[in-house]
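Protein sequences, first through last, are from chains X and W.
So in our numbering, the last one in the first sequence is 610, and the numbering has no gaps at all.
So in our numbering, the last one in the second sequence is 410, and the numbering has no gaps at all.
Everything labelled a hint here was simulated from the structure, so no lab data went into it.
From the three backbone atoms N, C-alpha and C, an ideal C-beta is built for every residue, glycine too.
Among the clues, some could well be false.
Unchecked claim - Which residues of chain W face chain X? A few of them, derived with a C-beta cut under 8 Å, are:
#, residue
1, Gly181
2, Glu194
3, Met195
4, Pro330
5, Asp337
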Amino acid sequence: MTSLTPAQIRVIVATDCGSTTTKAILIQYLDGQYRQTHRGEAPTTVEEPVADVTVGVVNALTELGELAGRRLIDDAGQIIRPATADAGCDIYISTSSAGGGLQMMVCGVVREMTGASAKRAALGAGAIVMEVLAANDRRRPHEQIQRIRELRPDMILISGGTDGGNLNQVVQIAELVAPAKPQPRFGGGYKMPVIFAGNRDAAPLVQQVFDDSVDLAIVDNLRPVLERENLGPARDKIHDLFLDHVMAHAPGYDKLIAWTDAPIMPTPGAVGNILETIARRQKINVVGVDIGGATTDAFSVFDGKFNRTVSANLGMSYSISNVCAEATLPSILRWVHFDMNERALRNRVKNKMVRPTTIPQTEEALVFEQAVAREALRLAYVQHREFATALKGVQQQRSVGDAFRQTAGGQCLIDNMRLDLLVASGGVLSHAPRMQQTAAMLIDAFEPEGVTTLAKDSIFMMPHLGVLAEVHPQAALEVFEKDCLVYLGTCIAAKGRGKPGRECFQYAVHTETGTITGAISCGEMRVVPLLPDARARLDLHPARGFDLGAGPGKPLECEVRGGTVGLIFDGRGRPLELPADHAACQALTSRWVAALDLYGGRATAAPAAS
Amino acid sequence: MSSANGVCRTLLGAAVWLAGAVALAAGPAPPAELHVVDHPNDAGTALDLRWQLSPDDQPDVTPRKVLRYDILRQAAAPGAPVPANGPAFQVIGEATYGAAKFTDPNCVRGTAYWYQVVAVAPGGGRSLAAASTAPAVPVMQLFDATRLWFGLLLGVVCLLILACIARARSGRPMHMRRIAGLEAVDEAVGRATEMGRTCLFVPGVQDINDMMTVAGLTVLARVAQTAAEYDSRVEVPTSRSLVMTAARETMQAAYAAAGRPEAYREDSVYYLTDEQFGYAAGVTGQMVRERPAACFYFGAFYAESLYLAETGNLIGAIQIAGTAESSQLPFFVAACDYTLIGEEFFAASAYLSGEPQQLGTLLGQDLGKLLGAALIVAGSVLATLGQLGPDGGSAAAGLRYLMNSILGSG
Chain X
1 MTSLTPAQIR VIVATDCGST TTKAILIQYL DGQYRQTHRG EAPTTVEEPV
51 ADVTVGVVNA LTELGELAGR RLIDDAGQII RPATADAGCD IYISTSSAGG
101 GLQMMVCGVV REMTGASAKR AALGAGAIVM EVLAANDRRR PHEQIQRIRE
151 LRPDMILISG GTDGGNLNQV VQIAELVAPA KPQPRFGGGY KMPVIFAGNR
201 DAAPLVQQVF DDSVDLAIVD NLRPVLEREN LGPARDKIHD LFLDHVMAHA
251 PGYDKLIAWT DAPIMPTPGA VGNILETIAR RQKINVVGVD IGGATTDAFS
301 VFDGKFNRTV SANLGMSYSI SNVCAEATLP SILRWVHFDM NERALRNRVK
351 NKMVRPTTIP QTEEALVFEQ AVAREALRLA YVQHREFATA LKGVQQQRSV
401 GDAFRQTAGG QCLIDNMRLD LLVASGGVLS HAPRMQQTAA MLIDAFEPEG
451 VTTLAKDSIF MMPHLGVLAE VHPQAALEVF EKDCLVYLGT CIAAKGRGKP
501 GRECFQYAVH TETGTITGAI SCGEMRVVPL LPDARARLDL HPARGFDLGA
551 GPGKPLECEV RGGTVGLIFD GRGRPLELPA DHAACQALTS RWVAALDLYG
601 GRATAAPAAS
Chain W
1 MSSANGVCRT LLGAAVWLAG AVALAAGPAP PAELHVVDHP NDAGTALDLR
51 WQLSPDDQPD VTPRKVLRYD ILRQAAAPGA PVPANGPAFQ VIGEATYGAA
101 KFTDPNCVRG TAYWYQVVAV APGGGRSLAA ASTAPAVPVM QLFDATRLWF
151 GLLLGVVCLL ILACIARARS GRPMHMRRIA GLEAVDEAVG RATEMGRTCL
201 FVPGVQDIND MMTVAGLTVL ARVAQTAAEY DSRVEVPTSR SLVMTAARET
251 MQAAYAAAGR PEAYREDSVY YLTDEQFGYA AGVTGQMVRE RPAACFYFGA
301 FYAESLYLAE TGNLIGAIQI AGTAESSQLP FFVAACDYTL IGEEFFAASA
351 YLSGEPQQLG TLLGQDLGKL LGAALIVAGS VLATLGQLGP DGGSAAAGLR
401 YLMNSILGSG
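Turn these sequences into a full structure, and let the hints steer you where they fit.
Quick look at the structure:
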């Protein structure tokens, strides 16, 4: 750990050790503010023949140093600290998702209550949850034991019961886990870490159940009462055990842990951390997504409540076949504005799966890949909404006025109308040739309502900033705002449905240079350019039955920021529905493609694939 | 001389009075043209009589010369000729002055009847009888034409239900509004499981012959099955012995359906007392002592509803109630987390089972109610329009037709 105060920290080096690439960034204090100045990367070296993660880190830092003109690695292969005028850094921090990240199994008494809380704690800590075991999961004990034996988690989290509540079933869960003797991924000398975060009265009994073959840690109940979650202690313990056990057994990580000035965080946990910090500091609601080759991570912070989900089978390369199977090809093709040969598309999907690093070489391939991405993101968001709910099992307070307005507990926390910032990350979004394409994918998949700012992570810097936020929140926020996010613009979308051609809403954009007015019809999309650093005041007048955030038919005034795309007015209505007829659908998407200028002015071209 | 004149005047007066009395005793002029026809749209038990009023039955003559009309009837033996003025005519009813019709509701189907109508003066004088010229026989009609509209509407509703069932069976998705109270059963039982406490199910204070009790037991099956899956405990205090037996059967079946028949405990369903407030006191006492985490009130409730619900609220339980007793609903709504209101309660069975037949029936019934609501709206519009014109015009006529023909006889 560094002994420097935040004010003394001027040069920061951060790495993210991914499965294939180790990405390094340099953050410097320049002209009174922290800025990300350079970036370098090198292949990750956690696998054989090198089998030492620090080699990849040194390579990435060497490249970073060369680009920045600052020597970061000394002759002994160590990071130079503290910083001088032209060498070294003040702190070095890192995240890691190499080797599949942190894989966990969680247990609870009731799947939807303590089971869900345990899952939230694990996901929030950046883990992939392989299995949720619960007393009500309709499996027989022998089936549950069989399942535990099949899995090879890095860690197990056991919860269940409120404090002073259920005792028997909590101990029964421990009695299922103990004899199953779950085998860790890292073999031999690895002691399986088990965290107990359930009914405190059950802790002594659970302790008796486990022998020395596991490393049992007991922390505060993550659901002391049903009305409140207390995920912090369990999450912190997961981080500790991640370092002590999982990382310590990965090749070279013991050295890397010694190098870092802050605990290494799992990459998704760090992304969640920075989004949570931003949402809390700016008092906004944020949704973030990171679409990868095998999985898609979705993050949300609504009213201060953080949620993260990992859609393990939704991705753009290894999981692309699963996306096509779940979404179905017709659903994907509704986003494509010209005819495509279905057989050729199937071949394209399988090719992408077996050759995951290939990127589209033709416009047709690009359009198709972005159509798949829309559906993958949509499905991941659906899963996220199902998980990001209010706590279940909580007593409701009613009055007679609620007679006809009774809603069930566990309502979804996500409200697209109250969403302020939508952040995109991941290859297909970050590396889209045109910014309009990223914006269009986000709007089509997430269907933001009202006024929503769209942004993308420029160089996948959020993990670095997430761990930096633990050490130096101010630096993390400044870099996040200025360098991390590329603002695409603001989406203004009306909620409601109307006949095509009917007026949806009127707008007036007041900028320093003048005022632009216009009206959007139902089914229409329009872009009004507004530079990235510019801000504008909007006067919006929705037609009857349409809502832009102030209520159906009520006018709205707000300030919006520009972006590389500008202001995107979306009159397609919400929920977004495309015509079932293929030709009509193509005609409509062609209009949207033209309106957003997605593919360089060619809206309906592209020949059918042979 | 003067005494002779006085005697003459007295004698003359007496003669006039006597003449009048004789005239009254002789009776008024008789009614005429008595027609007897079968009463329409009945089971052959009535005949309708119509006649012409007696010429002396004038509304502007005082004192009245006709006080009433006596209706006389004689049943004819099957096949035997009956004289028009036979001795067996008996008075079976009367009509007031000015009335020229009468319905005899006490006939036997297939029997021939002769009728006479006699006008009766205030002094008791009777006119000659107006007699029917032919025997009348009451006949049964297979269809009551006045209920044609009712039959039509019933047929439409039945067809709608059948169509909805067919649609449900065909596998087409059926949208059913989510009933939060039933959705919350899992949540409530889950709460009890996490807190290590029991669930309390109160099936009301009525016996098993009450529909609300039966509907409550349907919900009990769901609660018990969920509790069996969660390995939680359900307590069911009852106020009727038959309800206790039925609840035990329901619970046992639910535990078996959940695959945990061994977890069923018969003594979790028990009898307290038939006394309404004794029962309420027993249940609330148990609630305070054992502090169940989930309380369910499904059945017929009266004044004890608020005692139960308030006690449950006090102990911090999730409470779900369902009753069709409209007077108790406000208490349940205010004190419970979720309340099933009236029809929702009876729809619970279809909602919980998800069977196409039940869902189709539910949808068909709803469409029938929609039809009823449409008629109410139409009536309201016609009544409003009828008030606008001086005589109501066609709107008033339409309203009359709606009330008398479509709704009135239904």
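Results for each hint:
1. Gly181: holds, 7 Å
2. Glu194: holds, 5 Å
3. Met195: holds, 4 Å
4. Pro330: holds, 5 Å
5. Asp337: holds, 4 Å
Going through the hint list in order, the structure satisfies each hint without exception.
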